[in-house]
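Kindly produce the complete structure, drawing on both the sequences and the hints.
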Amino acid sequence: MTYSTRHSGAGTAAHAAHPTDTADHPDPGAPGTDGGTGPVPAPARADGPHGRRDPFFDNAKYVAILLVVAGHSLANLLDVPAAKGLYVFIYMFHMPVFIVITGYFSRKWTFAGGKARKLITNVGVPYVVFELAYSLYDWLAGRNELEISLLNPYYLTWFLAALFMWRLSTPVWQQIRWPLGVALVFALLSYMSDLGGTFDLHRVIGLLPFYVLGLTLRPEHFELLKRPAARPIGAAVLAAGLGGTYLVMDHMSRDWIYWKHAHSQLGVDNVTGTLMRLAMFAAATVFVAAFLALVPRGRHWFTRYGAYTLYAYLLHGFVTRLLDFTGWWGADWMHTPPGVAIVVGGALAVGTLLCSGPVVRSMSWALEPTMAWAFTPLRRPGGRARRPLSS
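For what it's worth, our numbering labels the leading residue of the sequence shown as 15, then goes sequentially.
If a hint is listed, it holds; no wrong ones were tucked in.
In silico lysine to aspartate or glutamate, EDC-like type, Cα no more than 20 Å apart, as pairs:
1) Lys122 <-> Asp68
2) Lys98 <-> Asp346
3) Lys98 <-> Asp264
4) Lys122 <-> Glu234
5) Lys98 <-> Asp338
Here are the in silico distance ranges between beta carbons for each label pair:
6) Gly281 <-> Leu261: 17 to 25 Å
7) Ala243 <-> Leu280: 37 to 45 Å
8) Met385 <-> Ser163: 20 to 28 Å
9) Gly257 <-> Asp346: 27 to 35 Å
10) Pro372 <-> Ser207: 44 to 52 Å
11) Pro246 <-> Val285: 36 to 44 Å
12) Asn284 <-> Gly353: 37 to 45 Å
13) Gly257 <-> Leu231: 22 to 30 Å
14) Pro372 <-> Pro242: 34 to 42 Å
15) Gly359 <-> Arg311: 22 to 30 Å
16) Phe125 <-> Leu261: 42 to 50 Å
17) Leu362 <-> Leu182: 31 to 39 Å
18) His265 <-> Val285: 15 to 23 Å
19) Ala297 <-> Thr384: 35 to 43 Å
Note that these hints are calculated values from the structure, not bench results. Built from N, CA and C at the ideal position, the CB exists for glycine as well.
Here it is in structure tokens:
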């Protein structure tokens with residue numbers, strides 16, 4: 015990605031995630047709570063035995079967020095071939111991974127039971143807070159003007175805007191006979207016109223098929239990827255994909271991997287652009303499956319961090335942009351293979367730190383605020399009010 019102003023925004027990723035945990039009911043005893051030492055927000059249930067969190071998904075989200083942070087760091091070292099190939103490869107699938115998982119955990123999402131309120135507090139409010147925060151941060155760091163627009167997502171916040179709209183559309187996709195096919199058609203058509211920068215609609219619609227794919231998946235589909243035979247196949251697929259990326263990285267525009275440009279902006283006609291998008295959808299889906307096949311199944315020291323990857327997603331940008339503002343990315347030693355390895359290692363450490371308990375406790379006011387004061391009491395279908403939720 016390039017660390018640029020609002021109107022460019024190329025390559026920012028998600029995230030992700032992450033509000034994937036807000037789709038189901040909270041599990042106060044789930045891994046990732048603070049063990050009584052502080053008000054760490056309780057994560058939600060995943061599809062595990064007896065309603066407990068399935069560590070597989072937390073592991074997947076933790077590894078994926080590390081790819082996000084590493085990718086944003088590699089974006090500043092693209093003059094090094096090793097960094098450029100790895101960057102393009104990561105961007106081919108790390109965003110779809112988060113979106114597929116997000117869709118999977120949104121299967122039961124409705125407007126009932128206060129879930130719409132959770133959508134506002136856990137997605138809408140963080141969008142506003144970090145839209146303002148990043149705009150002010152850039153301005154204070156020396157940009158010529160202060161530019162704030164909630165209609166034009168800035169930097170990393172586009173994913174929250176997209177997630178808000180995807181979640182709202184969930185009941186529609188649950189009623190359609192062929193939801194994935196319809197979503198794919200909409201996505202392909204969206205790139206045939208310039209939709210402008212409002213809410214980053216090219217990404218919202220263009221990446222929609224991955225969200226709908228997650229909605230259509232069932233636990234048994236993931237069980238196939240957890241089989242022992244899937245692991246070597248996944249490793250072979252990712253290795254081949256990485257090798258293929260190095261072969262094509264100098265023969266294609268990187269703008270394709272950001273999923274945000276119309277065909278006309280990429281200099282191709284609609285037929286060529288549609289074929290390219292279909293190939294990218296297919297490749298990204300295969301890479302997502304291969305990635306998930308390699309994710310550890312059991313509980314590990316890092317599993318608890320998977321519940322709080324939204325913190326790393328939204329906060330790591332302040333670190334990477336600080337290095338940009340201070341000129342650190344221009345250091346000669348970074349633009350060497352050993353320097354790339356050191357930068358990636360530092361990115362992994364930063365990503366892990368930003369998912370940790372102290373960070374979550376100090377930033378939960380912005381990412382998971384309690385806002386019962388902002389809502390009226392819930393009402394039953396007959397019109398009778400219920401007791402307000404605590405959040």
